[in-house]
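Chemist: Listed here are the chains, written in short residue letters.
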Amino acid sequence: MLSLLPNNKRKRPLLQICLVGSFGYLSMCALAEDAPNTGLNIHGFISQGVIAVDGSDFVSDENNISPELTELGINASYQLSNTLRVAGQAAYLNGGNRFNEGIRIDYLLLNWSVFNNQNWSTNIYLGRFKNFHWLYSSTRDVPMARPSIILPQSVYFDATRDMSVGGDGIAIKTTYSSESFGDLDINLSSGQSPTSREQTRIIMGRFSDGDLTHDNDFQGSFYYSPSYSNWRFGIATTDADFTYQAGENDSFVEGSLALTRYYANAEYQGEAWTLSAEILQEKIALNDVMYTGFYQKSVGQGGYVQSQYRLNGQLQILTRYEHYWANKNDKNGSKLEANSAGTIPHYFGYQRDFTVGLSLDISSHLKLQIEQHWIKGTARLTPVVIPDPTVNKSEYWQISTLQMTYWF
Amino acid sequence: MSFCVCSLSVQAVEVITHPSVKVNSLTTSQLRRIYSMRQIKWENGTPIVVFVLPSEFKQHQDFCKQTLKIFPYQLDLIWNKLTFSGLGVAPTIVNTSTELLLAVKSTPGAIGYIENVTKEEEINVITITK
Numbered sequence: 001m002l003s004l005l006p007n008n009k010r011k012r013p014l015l016q017i018c019l020v021g022s023f024g025y026l027s028m029c030a031l032a033e034d035a036p037n038t039g040l041n042i043h044g045f046i047s048q049g050v051i052a053v054d055g056s057d058f059v060s061d062e063n064n065i066s067p068e069l070t071e072l073g074i075n076a077s078y079q080l081s082n083t084l085r086v087a088g089q090a091a092y093l094n095g096g097n098r099f100n101e102g103i104r105i106d107y108l109l110l111n112w113s114v115f116n117n118q119n120w121s122t123n124i125y126l127g128r129f130k131n132f133h134w135l136y137s138s139t140r141d142v143p144m145a146r147p148s149i150i151l152p153q154s155v156y157f158d159a160t161r162d163m164s165v166g167g168d169g170i171a172i173k174t175t176y177s178s179e180s181f182g183d184l185d186i187n188l189s190s191g192q193s194p195t196s197r198e199q200t201r202i203i204m205g206r207f208s209d210g211d212l213t214h215d216n217d218f219q220g221s222f223y224y225s226p227s228y229s230n231w232r233f234g235i236a237t238t239d240a241d242f243t244y245q246a247g248e249n250d251s252f253v254e255g256s257l258a259l260t261r262y263y264a265n266a267e268y269q270g271e272a273w274t275l276s277a278e279i280l281q282e283k284i285a286l287n288d289v290m291y292t293g294f295y296q297k298s299v300g301q302g303g304y305v306q307s308q309y310r311l312n313g314q315l316q317i318l319t320r321y322e323h324y325w326a327n328k329n330d331k332n333g334s335k336l337e338a339n340s341a342g343t344i345p346h347y348f349g350y351q352r353d354f355t356v357g358l359s360l361d362i363s364s365h366l367k368l369q370i371e372q373h374w375i376k377g378t379a380r381l382t383p384v385v386i387p388d389p390t391v392n393k394s395e396y397w398q399i400s401t402l403q404m405t406y407w408f
Numbered sequence: 001m002s003f004c005v006c007s008l009s010v011q012a013v014e015v016i017t018h019p020s021v022k023v024n025s026l027t028t029s030q031l032r033r034i035y036s037m038r039q040i041k042w043e044n045g046t047p048i049v050v051f052v053l054p055s056e057f058k059q060h061q062d063f064c065k066q067t068l069k070i071f072p073y074q075l076d077l078i079w080n081k082l083t084f085s086g087l088g089v090a091p092t093i094v095n096t097s098t099e100l101l102l103a104v105k106s107t108p109g110a111i112g113y114i115e116n117v118t119k120e121e122e123i124n125v126i127t128i129t130k
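Read top to bottom, the protein sequences are chains A and B. Just so it is clear: in the first sequence, position 80 is 80 by our numbering, and no numbers are missing. Just so it is clear: in the second sequence, position 113 is 113 by our numbering, and no numbers are missing.
Keep in mind that a hint or two might mislead.
[Stated by the list, open to error] Derived DSS-like pairs (lysine-lysine); straight-line CA-CA distance at most 30 Å: (1) A:K331 x A:K297; (2) B:K58 x A:K173; (3) B:K41 x A:K173; (4) A:K393 x A:K328.
[Unchecked claim] Far from chain B, some chain A residues (derived; all Cβ distances over 10 Å): (5) D54; (6) L109; (7) M144; (8) D183; (9) P194; (10) D330; (11) W374; (12) K393.
[Said to hold, decoys possible] Residues from chain B that face chain A, not an exhaustive set, calculated with beta carbons under 7 Å: (13) F57; (14) N80; (15) T83; (16) L102; (17) K105.
Calculated directly from the structure, the hints in this document are not laboratory data. Where a beta carbon is used, it is the ideal one built from N, C-alpha and C, also for glycine.
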């Protein structure tokens with residue numbers, strides 16, 4: 001990682017304490033002042049955890065117990081008229097190597113309720129909106145609204161979080177419901193996502209000195225739930241283009257990256273059980289970037305199956321199995337190792353993760369989550385473009401983590 | 001703790017609205033759309049203001065399971081998603097049945113639920129059909 005990081009890391013515990021303290025005070029004020037029916041709604045969450053990774057650079061380059069698991073957010077929504085609403089959320093995230101640490105505007109949008117009756121509704125969102133196309137994409141940073149502390153990396157790859165968390169542009173959501181048909185959601189969006197220098201470095205590696213720009217993308221999704229059914233089914237697609245502008249002291253050259261993803265998911269919500277599955281196929285085409293005239297296309301595949309069992313009103317058990325292949329035509333990574341003359345081990349070609357977790361609702365606004373991941377393979381570790389086997393030397397690695405969340 | 005006593009009664013949870021809402025009956029599916037915030041306006045265009053008790057209250061849980069035919073955690077997931085993604089606004093939570101009744105009485109377009117509804121003249125009681 002960047003040479004500046006050790007200094008920054010020394011300051012982080014103090015920064016986290018200050019942020020957590022300030023946030024606690026602000027949330028108390030917000031709670032005290034939040035009155036119903038004024039058109040103004042204020043909500044937030046505050047979360048701190050510890051994470052230990054044994055055998056990879058998923059969170060930090062050193063394998064130790066880290067407090068780099070902080071997620072804070074505060075949002076406000078104000079109803080301007082019967083059809084217009086403004087909403088925004090500011091968030092502070094610290095996930096170590098997983099994504100860029102700092103404060104960010106998570107969303108800031110104008111919501112126009114174009115049409116709403118007993119069967120149909122159409123909403124247009126202008127500004128910065130969250131990606132609401134996958135099962136957990138709109139709440140991937142909101143601990144109490146996702147199933148686990150670390151989401152399945154095949155779909156919710158932390159290295160590309162900034163590009164997939166949302167965008168600046170326009171989104172349209174249309175819903176249809178009827179007694180006999182059930183519920184249908186049609187979601188479309190187009191926008192750009194700001195990509196920070198650190199995020200570029202996370203993807204490209206330490207030999208990169210340039211900027212990765214997310215050009216306009218298109219995303220769409222359909223969700224369908226039959227009438228009075230516990231099942232819900234969804235499909236989604238992403239089509240995004242990126243441009244790489246090389247820096248002065250850069251090992252890479254100017255080029256482009258095209259990403260096309262297809263998703264399908266299904267979810268069953270019963271009284272005690274929730275069963276979820278999500279699969280994806282992604283095509284990544286790299287033009288130039290490595291050197292002028294370079295072209296590489298790879299098709300990755302992955303997905304997970306997950307169960308959540310509610311023992312009682314407070315305690316929930318999670319189990320999940322996930323598998324991802326970086327190249328569907330090289331599932332054991334042997335070609336990857338051969339093409340790199342042995343410098344990139346075969347286990348960078350895949351990643352599978354078996355996860356168990358416990359979630360305890362201490363009160364209606366306080367949750368404790370604990371989970372353990374047993375992982376084989378390193379295909380979803382950073383940097384992405386040129387993997388780093390000097391840091392990620394183990395085919396087998398583990399994540400142990402615990403997180404406490406308060407929200408209002 | 002009055003709701004605990006009420007819960008011993010055989011009387012089911014009743015759906016109530018502000019008297020300005022000129023609706024006499026709703027199907028379970030329509031009511032579910034209102035509580036999942038998919039339908040946010042009444043037929044005449046008035047915004048629907050949804051009031052609920054906290055999720056851990058037995059009265060809320062009974063309303064979800066018996067009237068809405070949905071599990072309380074499912075509504076919590078929908079409301080958290082709306083609140084923290086900016087997509088919409090979740091219902092207003094009030095802390096007691098009395099507060100809920102007062103809020104529905106005094107807010108045009110409001111909807112809520114209550115056990116042991118008496119012949120309240122200032123409230124509209126909705127019949128729920130399958």
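Chemist: Each of the hints needs a verdict: does it hold here or not?
Modeler: Here's how the hints hold up against the structure:
no. : hint            : verdict
1   : A:K331 x A:K297 : holds, 15 Å
2   : B:K58 x A:K173  : violated, 34 Å
3   : B:K41 x A:K173  : holds, 17 Å
4   : A:K393 x A:K328 : holds, 23 Å
5   : D54             : holds, 32 Å
6   : L109            : violated, 6 Å
7   : M144            : violated, 6 Å
8   : D183            : violated, 7 Å
9   : P194            : holds, 17 Å
10  : D330            : holds, 36 Å
11  : W374            : holds, 27 Å
12  : K393            : holds, 38 Å
13  : F57             : violated, 9 Å
14  : N80             : holds, 4 Å
15  : T83             : holds, 5 Å
16  : L102            : violated, 11 Å
17  : K105            : violated, 12 Å
Hint compliance for this structure: hints 2, 6, 7, 8, 13, 16 and 17 are not met, and every other hint is.
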